[in-house]
Amino acid sequence: MNTTVDDLVLGMAGSGGDGVVSAGESLLGALSAEGYHAMMTKSFGPQIRGGESSCRVRVSTRRVLNPGGALDVAFALNWEDFFRFGAELTLSADTVLIHEEKAGPPPETLGARGIVPTQILSVPVTEITKQSAGTDKAKTSVVLGLISGWFGIPAESLKRGLRKKFLSKGEDVLAANDRALAAGIAYAEAHPLLKPRTLEKTTAPPGSKMLCDGNDMCAAGALFSGVQFFGGYPITPSTEIMQTLSKEIWKYGGVVLQAEDEIAGIGAALGASFAGRKAMTATSGPGMALKTEILGLASIAELPLVIVNVQRGGPSTGIPTKPEQADLYQAAFSAHGDVLRPILAPTCVADTFAITVEAFNVAEHYQTPVILLSDQEIAQRKETVDRIDTSKLVVEERLRPQGAELEPYLRFRKTESGISPLSQPGMAGGAYQGAGIEHNEKGEPSSSGVMHAQMNAKRFDKLAPLSKRKDLFEITGDLDAPLALVSWGSSAGVAREVLALARSRGVKAKLIVPYLVYPVAEEVYADFFASVRAGLVLELSHQGQLYRILRMYVDVPKGVRSLAQSGANPFRPAEVLEKLLEAAKGAGIR
Amino acid sequence: MSLEVPLNLKSRNLDLAQLSLCDAIDLAVLVEEEARDRYADFADQLTLHHTPEAAGFFRWMSEIEEKHRKELAERRQAKFGTQPSRVNLGMIFDIEAPEHGEARVFMTEREALDVALRSEQSAQAFFAAAKDAVRDPETRALFAELEIEEILHQRLVREEIAELPPDSPGNQEDYSDPPVQQ
Amino acid sequence: MTTTTTTGLGEAPALSPKDFNSGLKPIWCPGCGDFGVLSGLYRALSTIGRPPHEIAFISGIGCSSRIPGYTTAYGFNSVHGRALPIAQGVKLSNPDLLVIVAGGDGDGFSIGGGHVAHAVRRNTDLTYIVMDNQVYGLTKGQLSPTAPKGLKTITSPFGSLEDPINPLLYVLAYGAGFVAQSTPADMPGMTSILEEAIRYPGFAFVNIQSPCVTFGQEEQQVRAQKTHMKPLASLGHDPSDLQKALELAGHYGTELYTGVFYRNPEPPLSYDRLIRLRQDEMAKQARPRAQILDAYLQK
Chain B
5 MNTTVDDLVL GMAGSGGDGV VSAGESLLGA LSAEGYHAMM TKSFGPQIRG GESSCRVRVS
65 TRRVLNPGGA LDVAFALNWE DFFRFGAELT LSADTVLIHE EKAGPPPETL GARGIVPTQI
125 LSVPVTEITK QSAGTDKAKT SVVLGLISGW FGIPAESLKR GLRKKFLSKG EDVLAANDRA
185 LAAGIAYAEA HPLLKPRTLE KTTAPPGSKM LCDGNDMCAA GALFSGVQFF GGYPITPSTE
245 IMQTLSKEIW KYGGVVLQAE DEIAGIGAAL GASFAGRKAM TATSGPGMAL KTEILGLASI
305 AELPLVIVNV QRGGPSTGIP TKPEQADLYQ AAFSAHGDVL RPILAPTCVA DTFAITVEAF
365 NVAEHYQTPV ILLSDQEIAQ RKETVDRIDT SKLVVEERLR PQGAELEPYL RFRKTESGIS
425 PLSQPGMAGG AYQGAGIEHN EKGEPSSSGV MHAQMNAKRF DKLAPLSKRK DLFEITGDLD
485 APLALVSWGS SAGVAREVLA LARSRGVKAK LIVPYLVYPV AEEVYADFFA SVRAGLVLEL
545 SHQGQLYRIL RMYVDVPKGV RSLAQSGANP FRPAEVLEKL LEAAKGAGIR
Chain U
323 MSLEVPLNLK SRNLDLAQLS LCDAIDLAVL VEEEARDRYA DFADQLTLHH TPEAAGFFRW
383 MSEIEEKHRK ELAERRQAKF GTQPSRVNLG MIFDIEAPEH GEARVFMTER EALDVALRSE
443 QSAQAFFAAA KDAVRDPETR ALFAELEIEE ILHQRLVREE IAELPPDSPG NQEDYSDPPV
503 QQ
Chain A
67 MTTTTTTGLG EAPALSPKDF NSGLKPIWCP GCGDFGVLSG LYRALSTIGR PPHEIAFISG
127 IGCSSRIPGY TTAYGFNSVH GRALPIAQGV KLSNPDLLVI VAGGDGDGFS IGGGHVAHAV
187 RRNTDLTYIV MDNQVYGLTK GQLSPTAPKG LKTITSPFGS LEDPINPLLY VLAYGAGFVA
247 QSTPADMPGM TSILEEAIRY PGFAFVNIQS PCVTFGQEEQ QVRAQKTHMK PLASLGHDPS
307 DLQKALELAG HYGTELYTGV FYRNPEPPLS YDRLIRLRQD EMAKQARPRA QILDAYLQK
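Chains as they are written, first to last, in this note's numbering: chain B, 5 to 594; chain U, 323 to 504; chain A, 67 to 365.
One or more hints might be untrue.
To be verified - No more than 25 Å apart at the CA atoms, straight line, and that leaves these computed lysine-lysine pairs for PhoX-like:
#	chain 1	residue 1	chain 2	residue 2
1	A	91	B	446
2	B	446	A	350
3	U	389	A	218
4	U	392	A	218
5	B	199	B	169
6	U	453	U	389
7	B	462	B	512
8	B	396	B	462
9	B	205	B	173
10	B	446	B	462
11	B	199	B	46
12	B	168	B	106
13	A	365	B	205
14	B	462	B	474
15	B	462	B	472
16	A	84	U	389
17	A	206	B	168
18	A	350	B	255
19	B	46	A	350
20	A	365	B	173
21	A	91	B	251
22	B	589	B	512
23	B	134	B	168
24	B	251	A	365
25	A	218	A	206
26	A	365	B	169
In case anyone wonders, no lab produced these hints; they're calculated from the structure.
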């Protein structure tokens, strides 16, 4: 009996030379071109080349919210590499586990893990490849053929994708790949599964989806906002932002400066902002640490600047290739002096675009550095994204002085909003002294306590309207529910699925996801928590940093607990659901 | 102090031989203006650094230089009207103005007067050299007149110095608070 | 030293040195060398002819880094050691601006030393003025990176055991196209060098031996400098001779040479100009804002 499924999670692992990640990309490309929703996450060993690598591809006819739980289909090219990714490639009894025949039967340890898939298929991948393609190099084309044949993934798209990838390699290579793919499909057809499973056809029109990762969307959002300067230094996992802008920004009259270090990167970006241009930098935790002095300068000089921190496992080098949400304290509190720097966080690839645009808007509007906290999972996970309607997005420009405001010009003029018109070199009548030193309205140095208090108040007051912005929060579910989920960043994707699971079981629950993480919007949370008796704050950090920051500012109901775990340990929706139901039970909610 | 002041340490982009009478008066006005502003700067610096006697003297010098400047400017106006000037402040350096390095915190009034005396000597040396360099007889006569003026100023300053009570012994630096870190 | 030249007369200068004076009273100690630098800079700028609002003047932290505030240009008195990166951001963002960078020896060659090599090799059209006094004045007289070995300061009470940095060799070694040194003891010469540095179409470095009257040594003061400074021009040095420039620069700390050590006779296009060429070349490929995301559509 053949089951049609609308959601399929595939995982593969092998050595770098096997090309499993490339195979995953081909698969993802084919699925997205067909109009499916799909998402791919990758995980690597520490080697630059030739190390073990793995990928997960989740495909669905509905929107994919997260990489999913246990695999439906697992492909092991060798066991050692496969088990190295135990956290990423989890198995269940329902998993169809396929392995290279040459790798031998599954080792004893599989049983020791407690879960043994009922269907384990041994396939002579290398043999098939040799026979069909005339070389054993095209193994992944056979793997793709097997997957296509067994799970009903359109072969034509796969073939097109492979041809696109190998276009420059000549007709011989293309033909060999075609044969390998066909051989894989043929093998699958000749060896049907015990419990066949086929992916449902998508109704979405082909060519309607974008395929991108969070770093792509961050760069695109910056370009959309009119970014004209990027200053930065390569650091995993943020570097692709600089790479993309290095290709694009010149077309728009902008500049990418690959600086000599993290400090110079943000310094140059701040200089560009001083010169009147929209400017940004991107980094990860260790780089962020180096940038903090100039962040202080940006705050006191009241200059717009977007700083992206794509979080990774920390502290220090930590785990550069895996996600964590543990730089929140750093973003909020690594300031010297009394400083409030807005922190925005995207929660998935798609919303990284709009949140980046928002980060520029907040920076320009309030004349402040804004920290965009992304994380490795969002930043580097490739997924399909529906076309984004950009016509609704507003792009803000900084307030510039004109007319009487230049006679005389007071750079830090006290205004009702606290926002002072900002001139830039080249503007006649607007010359002023930007400085890290405390200053009066004109910008002249001042060491007066009275002036310092006034300027501190100005710098805080101007940001007050920001935390009243409800549109920077996503509140979903049953609004009067006593059971709540709070989550941010990439973990929010899991929380959304958990909410759906809970409600599908008839449990009343709701979810709040802040895109504005800091300052803590006290009123928004107070409203949200009014009906709440129990719940979870879900985040990928050992300390539970969001949970604790919320408790600094908000009366979080006692029954709302922190569900926090160290980075590089992805949440599984089913496990979180269980914890949520436990919390409900503990608070007497049924 | 030697009166041999090399012209190239006092001016830039200025060929004295080419000066007309109008240029020369304009230059003299600028010399007084530079001195007026420098003395005023010194007065401000020493006020800020709590050295009031020297500051007071420099303020007084600034006023005197302004008087001279005004006199010369009036002569220029009478003789040449609105004829555009061909010289500017960027061409001259510390001719009658004391050099920037001459001011000192806690300097005594006597030390301030010494600074002024050296400046007048410098101005005299400049005008003497200029007198020799120019070709136009009227211009030369003007520089000769200015040279004598500077000699008269020196005499005035010397008389002031003579009237001053001697500085009390000891160095103020030894008794003052140490510098403050910023 | 620049000898008196024949120009100026007959051209009514559009700007006076006073147009660049903000009127804010410097907090420098009376007699500080930086007063002379400021005065020379006013004069140099008045002959350049760019109005103050088209000038961005960036500095770091230190006594000398206060200098932008005393001018009418757009100033940015930033953080310690980071003036060069900030200035590059300004210039690359708007190459039409005249960008000047200033700071002390500690700012430029200690905390910010790592940036100098990169600013030089990028060859952005900037003028970098270091007011070198071999001491930390703002924090009360600690050892600076250019201080001579053996110098006693409050952080080297028994004498420094370190050799100083040689700023001139440093920038020459990384390929700076314009390298000069001067002192307020030679006001016209210093002014001419500043003017020439500003006019140089690339990265220009001017080390000014600007004495600290409060913590400096007696032999560094203006009066002493007048007796021992040696104008390179009087030695017959040809500023296009890089080898000779390197040799002369090697005497930093023992000889006070003033003038231009090296001026690239054929300046290459500066970084900001190259960037502008690339931007112009690629402008045709710009997508309208609404189509930026189309690049990611999967077909």
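Now the hints, each set against the structure:
With a C-alpha separation of about 15 Å, the suggested pair residue 91 (chain A) and residue 446 (chain B) falls inside the 25 Å cut-off, and the hint holds. With a C-alpha separation of about 42 Å, the suggested pair residue 446 (chain B) and residue 350 (chain A) falls outside the 25 Å cut-off, and the hint is violated. The hinted pair formed by residue 389 (chain U) and residue 218 (chain A) fails the criterion: a straight-line CA distance of about 48 Å is larger than 25 Å. The suggested pairing of residue 392 (chain U) with residue 218 (chain A) is violated, with an alpha-carbon distance near 50 Å, which exceeds 25 Å.
With a C-alpha separation of about 33 Å, the suggested pair residue 199 (chain B) and residue 169 (chain B) falls outside the 25 Å cut-off, and the hint is violated. Taking the CA atoms of residue 453 (chain U) and residue 389 (chain U), the gap is near 23 Å; set against the 25 Å cutoff, the hint holds. In summary, the hint linking residue 462 (chain B) to residue 512 (chain B) is not supported, as the alpha carbons are separated by about 43 Å, beyond the 25 Å threshold. Taking the CA atoms of residue 396 (chain B) and residue 462 (chain B), the gap is about 31 Å. The hint is violated against a cut of 25 Å.
For the given pair, residue 205 (chain B) sits about 32 Å from residue 173 (chain B) by alpha-carbon distance, which is inconsistent with the 25 Å threshold. At roughly 14 Å between alpha-carbon atoms, residue 446 (chain B) and residue 462 (chain B) fall within 25 Å of each other, so this suggested pair holds. Our distance criterion of 25 Å between C-alpha atoms is broken by residue 199 (chain B) and residue 46 (chain B), whose separation comes to about 28 Å. Restraint check for residue 168 (chain B) and residue 106 (chain B): not satisfied, since their Cα atoms lie roughly 30 Å apart, outside the 25 Å limit.
Between the alpha carbons of residue 365 (chain A) and residue 205 (chain B) the distance comes to roughly 17 Å, so the proposed pair stays at or under 25 Å and holds. Taking the CA atoms of residue 462 (chain B) and residue 474 (chain B), the gap is near 23 Å; set against the 25 Å cutoff, the hint holds. Using a Cα cut-off of 25 Å, the hinted pair residue 462 (chain B) and residue 472 (chain B) holds, with the two alpha carbons roughly 18 Å apart. Distance hint between residue 84 (chain A) and residue 389 (chain U) is fulfilled; the C-alpha atoms sit about 20 Å from each other, no more than 25 Å.
Simply put, residue 206 (chain A) and residue 168 (chain B) have alpha-carbon atoms about 67 Å apart, too far for the 25 Å limit, and the pair is violated. About 7 Å separates the Cα atoms of residue 350 (chain A) and residue 255 (chain B), which keeps this hinted pair within 25 Å; it holds. About 36 Å separates the Cα atoms of residue 46 (chain B) and residue 350 (chain A), which puts this hinted pair outside 25 Å; it is violated. A threshold of 25 Å between alpha carbons decides the hint, and for residue 365 (chain A) with residue 173 (chain B) the separation of about 21 Å falls inside it, so the pair holds.
Distance restraint check for residue 91 (chain A) and residue 251 (chain B): the Cα-Cα separation of roughly 48 Å exceeds the 25 Å cut-off, and the hinted pair is therefore not satisfied. Restraint check for residue 589 (chain B) and residue 512 (chain B): satisfied, since their Cα atoms lie roughly 13 Å apart, inside the 25 Å limit. Distance hint between residue 134 (chain B) and residue 168 (chain B) is fulfilled; the C-alpha atoms sit about 22 Å from each other, no more than 25 Å. At roughly 21 Å between alpha-carbon atoms, residue 251 (chain B) and residue 365 (chain A) fall within 25 Å of each other, so this suggested pair holds.
For the hint linking residue 218 (chain A) to residue 206 (chain A), the alpha-carbon distance of about 13 Å falls within 25 Å, and the restraint holds. For the given pair, residue 365 (chain A) sits about 13 Å from residue 169 (chain B) by alpha-carbon distance, which is consistent with the 25 Å threshold.
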